[in-house]
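Got chain A sorted already, so can you dock chain B onto it with the hints?
Each chain, letter by letter, is given below.
Protein chains: 2
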Amino acid sequence: MNAIRNVLFIMVDQLRWDHLSCASHPFLRTPNIDALAARGVRFSQAYVQSGICGPSRMSYYTGRYVSSHGATHNRVPLSVGEVTLGWHLREAGRTLALAGKTHVLPDAHGMQRLQLDGQHDLAALLREGWFTLVDRHDGHHAEPDSAYAHWLRAQGYDSADPWTDYVIAVEDARGQVQSGWKMRNAHLPARVREEHSETAYTTDQALRFMAAQGEQPWVLHLSYVKPHWPYIAPAPYHALYRADQCLPVSRHPGERGDDAHPLLREWQNEEVCRSFQNDDCIATVRPAYQGLVAQLDHHLGRVWAAMEEQGRWRDTLVVFCADHGDYLGDHWLGEKELFHDCVQRVPFLVFDPSSAADATRGTHDARFVEAIDVVPTILDGLGLDAAEHLVEGRSLLGLTRGTATAWRDFVVSELDWTFRGARRRLGHPTGQHHAWMLRDARWKYIHWTSGYRPQLFDLQADPEEFFDLGAEPGLEAVRTEARAHLLGWFTRLKRRTTLSWAEAEFRTDRHKAAGVFYGEW
Amino acid sequence: MNAIRNVLFIMVDQLRWDHLSCASHPFLRTPNIDALAARGVRFSQAYVQSGICGPSRMSYYTGRYVSSHGATHNRVPLSVGEVTLGWHLREAGRTLALAGKTHVLPDAHGMQRLQLDGQHDLAALLREGWFTLVDRHDGHHAEPDSAYAHWLRAQGYDSADPWTDYVIAVEDARGQVQSGWKMRNAHLPARVREEHSETAYTTDQALRFMAAQGEQPWVLHLSYVKPHWPYIAPAPYHALYRADQCLPVSRHPGERGDDAHPLLREWQNEEVCRSFQNDDCIATVRPAYQGLVAQLDHHLGRVWAAMEEQGRWRDTLVVFCADHGDYLGDHWLGEKELFHDCVQRVPFLVFDPSSAADATRGTHDARFVEAIDVVPTILDGLGLDAAEHLVEGRSLLGLTRGTATAWRDFVVSELDWTFRGARRRLGHPTGQHHAWMLRDARWKYIHWTSGYRPQLFDLQADPEEFFDLGAEPGLEAVRTEARAHLLGWFTRLKRRTTLSWAEAEFRTDRHKAAGVFYGEW
Chain A
104 MNAIRNVLFI MVDQLRWDHL SCASHPFLRT PNIDALAARG VRFSQAYVQS
154 GICGPSRMSY YTGRYVSSHG ATHNRVPLSV GEVTLGWHLR EAGRTLALAG
204 KTHVLPDAHG MQRLQLDGQH DLAALLREGW FTLVDRHDGH HAEPDSAYAH
254 WLRAQGYDSA DPWTDYVIAV EDARGQVQSG WKMRNAHLPA RVREEHSETA
304 YTTDQALRFM AAQGEQPWVL HLSYVKPHWP YIAPAPYHAL YRADQCLPVS
354 RHPGERGDDA HPLLREWQNE EVCRSFQNDD CIATVRPAYQ GLVAQLDHHL
404 GRVWAAMEEQ GRWRDTLVVF CADHGDYLGD HWLGEKELFH DCVQRVPFLV
454 FDPSSAADAT RGTHDARFVE AIDVVPTILD GLGLDAAEHL VEGRSLLGLT
504 RGTATAWRDF VVSELDWTFR GARRRLGHPT GQHHAWMLRD ARWKYIHWTS
554 GYRPQLFDLQ ADPEEFFDLG AEPGLEAVRT EARAHLLGWF TRLKRRTTLS
604 WAEAEFRTDR HKAAGVFYGE W
Chain B
104 MNAIRNVLFI MVDQLRWDHL SCASHPFLRT PNIDALAARG VRFSQAYVQS
154 GICGPSRMSY YTGRYVSSHG ATHNRVPLSV GEVTLGWHLR EAGRTLALAG
204 KTHVLPDAHG MQRLQLDGQH DLAALLREGW FTLVDRHDGH HAEPDSAYAH
254 WLRAQGYDSA DPWTDYVIAV EDARGQVQSG WKMRNAHLPA RVREEHSETA
304 YTTDQALRFM AAQGEQPWVL HLSYVKPHWP YIAPAPYHAL YRADQCLPVS
354 RHPGERGDDA HPLLREWQNE EVCRSFQNDD CIATVRPAYQ GLVAQLDHHL
404 GRVWAAMEEQ GRWRDTLVVF CADHGDYLGD HWLGEKELFH DCVQRVPFLV
454 FDPSSAADAT RGTHDARFVE AIDVVPTILD GLGLDAAEHL VEGRSLLGLT
504 RGTATAWRDF VVSELDWTFR GARRRLGHPT GQHHAWMLRD ARWKYIHWTS
554 GYRPQLFDLQ ADPEEFFDLG AEPGLEAVRT EARAHLLGWF TRLKRRTTLS
604 WAEAEFRTDR HKAAGVFYGE W
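So the sequence lines, in the order shown, correspond to chains A and B. Residue numbering for the first sequence is 104 to 624, as defined by my numbering. Residue numbering for the second sequence is 104 to 624, as defined by my numbering.
Some clues are possibly wrong.
One copy or two, it doesn't matter: identical chains are merged, so the pair holds either way.
[What the hints assert, rightly or not] Cut-off 25 Å, straight-line C-alpha distance, at most; resulting in silico cross-link-like pairs (SDA-like, lysine to any residue):
{"no.": "1", "residue 1": "K597", "residue 2": "M214"}
{"no.": "2", "residue 1": "K285", "residue 2": "A338"}
{"no.": "3", "residue 1": "K597", "residue 2": "R586"}
{"no.": "4", "residue 1": "K285", "residue 2": "D264"}
{"no.": "5", "residue 1": "K597", "residue 2": "H531"}
{"no.": "6", "residue 1": "K597", "residue 2": "P209"}
{"no.": "7", "residue 1": "K285", "residue 2": "A346"}
I should point out that these hints are in silico values taken from the structure, not numbers from a laboratory. Please read all numbers here as calculations on a predicted model, not as lab measurements.
This is chain A alone, in the form it adopts within the complex:
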C-alpha cells in the first residue's frame, strides 16, 4: 500500500459540475480532468456548503458548515477563533502552502481585541487563515502591487494595474481597449498572452513549488481563479467554442411568474441577472467560460506531467473541486449564491494513491459528498488527528477504499442574503437574513427566514428545478419531514470547540479526581 506523503488540493472557482467531458458535457473537452477521474474516483453528487466563494471556501478550509464557522458571506471574515486546515497541519509539524486564491479576509476586530494586529509572523499567518504563501492571487479586482502584477510588468505589460489593463482587457475591432468587466466583450481575446494569463501563472507557481520541494513532503492548495468572472479568455481559448456548442439555457416562464417565490423574483432584478436574461449575453459568455475551462484543463496537464516526472503519483493525494458553480442565465439568473444545482453541485474528483483504492479507480460514486469532507480526507490521508470536536465532514478515503458503511442521506448549503440589494429593495433592515438548503436523493427543501415561505423541488419529477412546490398543500408532510431533518442537523453542529472528544471523555464523571465531592451523604 502506497503511503500518502503529499497532498495536492486543487480548487477552481465557479466551475459548474456539468462543465466536464467526464460529466457528459456534449462539446467541452477536458481530457486532463478526465484523466484524473480515470486514475481516481469521480463523485458525481458533490455539494458545497454555500454558493458563494468566501463562505464555501471557509467550509473547505475548516471542514465546518457555514453555521458553525460564521463567515457567512464574501464580506465576512472568518473568526480568529476558528481552526483551519493550515493550523491542523501546523500542529503536526506540516505546512499548508498556497498558490492562487483563498478569499480569506483578516478578522480585524478579533485580531485587534487579542492584540494580534501587529506586523509579525503570527499576524501574517492569521491574516491568511494559516496558509503559507507560495503566491496569492485572488483575481477578482485590481491587484496593482501583487507578485503577479510585478511579474506581468517584468514581462513587458507596462501598466500600474496590468490585471485591469491586460489580463481582463480586450481590444475591439477598432483597436480600442475595452474592459472585460463588460460581458459583451467576452468573445474577444484577453490582451494578455496565454502563457502570462492567471491560469498559466498560478500553474507556474505550483510547479516551481513542487520542484523546489523535491522529496520533502508537501501539502499544496493550488487554487485557480478561473473560470470565475471577468469571463475573458486568452487566445486561442476565447474562440474554442461556438454558442451552439454550449449547454442550452435552462429556464422556465413560471420562474418569473406571479406564483414564483417573492425573494427569487426580486433577485432576478439584480444587475447580473438582468444581463443574463439577455440571450446575447448567454451566447457571448458561455463560449468564453468553456474556453476558460479548456485552458484550465490544459494547465492541469502540465501539473500531471510534473507529478509523473517527480514520481508524485505514487505518494500524493489529489483532490479536485470547485467552490461553487455559475448560473450563466439558467433560471433567469446570473452569478451564484442561490440554491439550484448548477450553483451548489460541483465537480469533485479524488485520487487516492493507496493500493487499497485500486478497486475504485475510474469509477464514479453517486453518494453525497460535501465540501467539508476535504479537511477530514486530508487529515485521514496524512494519518493526523481527525479533530472530531471541530470537523463536521467525513473522510472520503472510506469511499475510495470501499470501507465506509453508512453514509449521509442529505447535504446542506446556506445563504446569507443580508448583503444583497434585493434585501434592501424588499424593505428589510440590516441584520440577519439567512436560508438553508437541504437536498436528499429526491427532494430539495429551502428554508428561508425573514417571513418567506419555503421552497421545495421534486428532483425526480423535475430535475431542472422549474416547479417550486413550496406552497403545494399536498406536500406539507414532505416539508415537515425536511424541517425535522434540518432541526436534527442544527442539533448536531459542533459548537463545543475548545475541548477535544478525548478530553471530554477524560473529564467525564471525574469531579472527585478534581477535588470536588458533591453529592455524598
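Chain B in isolation, oriented as in the chain A frame:
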C-alpha cells in the same frame, strides 16, 4: 431622569426562584432582597440558558445562548474568539470588576494557537474572561493559595487549606472535625466564624471596592458562591430553620416508573440523586440551604446600606440573579443540569435608578426574562453600543420603563450531558450529547439527541412537572409546533460575529465601490 453611571451585577449561585420571601416562600425571610424588589422590578419568570454554573454564566457574561458561545459545560472553556461583557466595557473605556465567582476557564488550546499563553496583562485578562479582579473566589474546591485563604490564615485559621478545614468543615458531637462535603453534616455550623465566611468575605471585597471608587464610575460583578454546596452555613444561620419550615419535596412515583424517560431514570442513579432520594438528606440539607440564603440576605443589607451612604441608589443599575437553582430532592434528583423549573427558573430583580422607571417600582413582571438579557441591559443602561451582531438577549430597561412592545414568547435552555456518568452507563461513546428546552406560557418541550424521545409537560395542568407527555399520541401537534419554534430559534442564532450590523449595512450592494464590476453587459 437619573443617569446610570454604575452597575452592580449581583449573582448568587444555585438559588432557586422560590427561595425568597418576595416569591412567597412561607418561612424563609429575605427582607433585603425583598427591599430591592420594592425599589425595582421582580421578574417572576426568569430563566437561565443552562442549568449548570459554567455555561449559564458564560451566557450571562456574553449575552449569548450556549449554542452560540459553545462553553457547553463546566469543564468546557469559553473560546478566546467569544466576546464578553468585560470586552464590551473595555472598548468603551470602562472596566468590569469582579468580587467572587465566575467559573471562567482559560481556553488553553485557543490561547496556545494564538500564542497568547504567556504571562502578560492580556493573557491574564483572557484567562479571566476580561474580568478585572478585585478578588476571585470560586468556592467549589480547595483554594489553598487564594487571597481568601491567605486572609483566613491571617485571621488565625491555621491550615494549609482553610477552606477545606474551616469554611466547609464542622465538628461533630464528639468534637471531631468532619467534612462538609458529607451532606449528613449540613445541620452543624461551619468551623469558620460568620464574619469570616465566604459570603461575608466577598461582601467585604465589594464594599472595599465601592468605597475606593468613590465618585469614579464603576461596574462590579458581585458574585456569591452561596447557597451552592457544600451546604455548610456558619452559626447562627445553620440553625435558623427547621425541616418543617422548608418547602415540601416535590416528586411523584411515576417519575421513577417504567414509563419515565430512560435518560432521566438513569440520571436518578447519579450519586447526588441517590443521596437526595433519602428523606434524611432532604431534611438535613434544606434548612442549611435556607440558612445560607438568609445569610446572603443579611450581607446584601450591608451592600444596600453602603449604597445609601454613598448616594449610589441615585446612579446605579442593580441586577440581582442566580446562575441556576437546585433540585434539593425534587423529582428524585439532586444538584441541577436538568430542565425542571426548580433548576431553570431563577430569582431576578432589576433596580433601574432612572425616573422613567418610577411607574414600575415594586411591581412584578411575568414576561419571560433570560440570562442573556443582562449584557444588553447593562450596555443599554450605560448608553453603549448594543453589539447586536453578537448579543442575543434584550435590554430589560424597556420593561422597567414601560417602553417595550412585543416581547418573547418562549425561553430556551440547553444541556450537554456528555460529561455525566449516566452517558457512559447508557452505553454512549464520547462526542456530542445535547438537549434543548423550549418553555412557553403553557408547554415545556425538551428535545434530546442521541436517539431519545422528547419530553413534554403541560404546565397549566401540571405545574409541578410530574407527567411527561413526550410520548402521548394525542399531543403530536404540540410537539411538532415546539420543534418548529426550536428550528426557528436555531435559524436566529447570531453566528456572523466578525462584523457589526452597521458594517453589514455599509457593505450591502457595494461591490462597485470596492472595484468589482461583475454583471455589467
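For which of the previously enumerated hints does the structure constitute a violation, in increasing order of number?
-> Per hint list: zero violations.
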